[in-house]
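Following the hints, complete the assembly by docking chain B onto the known chain A.
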Amino acid sequence: MDGLVNLFIVILAGVVHAGLQLGVSALLLLYHANIGKKLKSSTKKLARSYLLGVSLFTALAVASTCYFILVIFSGSMPEATLAILTGALMAFAIAIWFVYYQRGTGTELWIPRRFARFINERAEQTDEDVEAFSLGMTMACAEMPFAVILIITAADAILCLPQGMQILAIAVYVLTVITPMLLLNIFIEKGRTIVEIQKWRVRNKNFIKIMTGVGFVTLAIFLFAFKVLKDF
Amino acid sequence: MRGKYSKAKLKKEILQEARVLGLHRGAVELMVDRVVDEVDTWISARAVVTATDLDRVTSTKLRKYNKDLAYWYSNRDKII
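Taken in sequence, the protein lines are chains A and B. The first sequence begins at 1 in our numbering and counts up one residue at a time. The second sequence begins at 1001 in our numbering and counts up one residue at a time.
Only chain A is shown next, with the shape it has when bound in the complex (with noise of 0.2 angstroms):
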């Protein structure tokens, strides 16, 4: 039972991660920037190294913050440090509901203007894969900001399960967080364009942000009731 409820906590925290947007909307400007002017087996190359660079960034956050938890804690995290976690996950709920998008008829972020041009910029001058991996890697990394907090969780739960469990438990977490990048790649290698795509984020971004803002919520209960309040 244990085993279940810390895998689960995994992929909830995995799928909750999916959310986030920056990821995709960074494949998108590499899209833009590059179909059209490259053959097309080169534009899914550079995808293919973009997701590489988010997928080995995000195995290695999960797999430092498991050593870090390891070393802190001597072990997983005490109930006290989860019901502080707990509150933390329901106050990211709230960022998410309020801050991660910015007013507008577009899908901006958070993220200072700057960046936002910077990442532009960086997307447009992408030509080699390992560019495309770095900018992957970039990306993730800026997401820590909002992500930190589920990957810390899903490292605790990670650290319950039993030895043999454990990569394979990183691994589920990374798959589930590129799924929706994975999901890009192939709507557009069907043929949809990436107006269609936009459009669809624009249609759907209040029902992203309640879902994701609700995912850490469920995440949140689920963590008190199963961790927090498990030996009362």
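No lab work stands behind these hints, which were simulated from the structure alone. Accuracy of the hints is not assured; some may be wrong.
[As the list claims (entries may be wrong)] Here chain B is said to cover these stretches of chain A; the calculated rule only asks that three of the stretch's residues, wherever they fall, bring their Cβ under 8 angstroms from a Cβ of chain B:
#, segment
1, 9-17
2, 33-44
3, 97-111
4, 115-129
5, 192-203
[Unchecked claim] Here are the simulated BS3-like pairs of lysine-lysine, each with C-alpha atoms no more than 30 angstroms apart in a straight line:
#, chain 1, residue 1, chain 2, residue 2
6, A, K199, B, K1012
7, B, K1078, B, K1009
8, A, K37, B, K1011
9, B, K1064, A, K37
10, B, K1012, A, K230
[What the hints assert, rightly or not] Restraint-style ranges between C-beta atoms, simulated for each label pair:
#, chain 1, residue 1, chain 2, residue 2, range
11, A, W110, B, A1051, 18 to 28 angstroms
12, A, F118, B, R1056, 18 to 28 angstroms
13, A, V214, B, A1045, 49 to 59 angstroms
14, B, A1051, A, E189, 28 to 38 angstroms
15, A, L60, B, A1045, 40 to 50 angstroms
16, B, E1038, A, L60, 51 to 61 angstroms
17, A, P112, B, A1047, 24 to 34 angstroms
18, B, Q1016, A, G164, 43 to 53 angstroms
19, A, L182, B, A1047, 20 to 30 angstroms
20, B, A1047, A, V148, 46 to 56 angstroms
21, B, T1052, A, L70, 50 to 60 angstroms
The C-beta atom is built at its ideal place from N, Cα and C for all residues, glycine as well.
Chain B only, in chain A's frame:
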């Protein structure tokens, strides 16, 4: 449009966005020429024009010919 306005620059920018949408250059060139002319006429009647005004007017003129291109042109800076 970023930087100083020029007809050639505006045309290049619209053609670039048309290419992103997979529109054939030959097919859009005539339309883009018309749009650029219309925008240029609009600009010449004014002393000062901001980049936002220019984007808005270009997008309005584009909408007559291609809605997707107009949408993308006015929203291309609002993705991230």
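Hints, verified against the model:
no., hint, verdict
1, 9-17, "violated (count 0)"
2, 33-44, "holds (count 3)"
3, 97-111, "holds (count 7)"
4, 115-129, "holds (count 3)"
5, 192-203, "holds (count 6)"
6, A:K199 / B:K1012, "holds, 24 angstroms"
7, B:K1078 / B:K1009, "holds, 21 angstroms"
8, A:K37 / B:K1011, "holds, 17 angstroms"
9, B:K1064 / A:K37, "holds, 26 angstroms"
10, B:K1012 / A:K230, "violated, 63 angstroms"
11, A:W110 / B:A1051: 18 to 28 angstroms, "holds, 23 angstroms"
12, A:F118 / B:R1056: 18 to 28 angstroms, "holds, 25 angstroms"
13, A:V214 / B:A1045: 49 to 59 angstroms, "holds, 51 angstroms"
14, B:A1051 / A:E189: 28 to 38 angstroms, "holds, 34 angstroms"
15, A:L60 / B:A1045: 40 to 50 angstroms, "violated, 57 angstroms"
16, B:E1038 / A:L60: 51 to 61 angstroms, "holds, 52 angstroms"
17, A:P112 / B:A1047: 24 to 34 angstroms, "holds, 33 angstroms"
18, B:Q1016 / A:G164: 43 to 53 angstroms, "holds, 52 angstroms"
19, A:L182 / B:A1047: 20 to 30 angstroms, "violated, 51 angstroms"
20, B:A1047 / A:V148: 46 to 56 angstroms, "holds, 50 angstroms"
21, B:T1052 / A:L70: 50 to 60 angstroms, "holds, 52 angstroms"
Checked against the numbered hints given earlier, this structure breaks hints 1, 10, 15 and 19; the rest are met.
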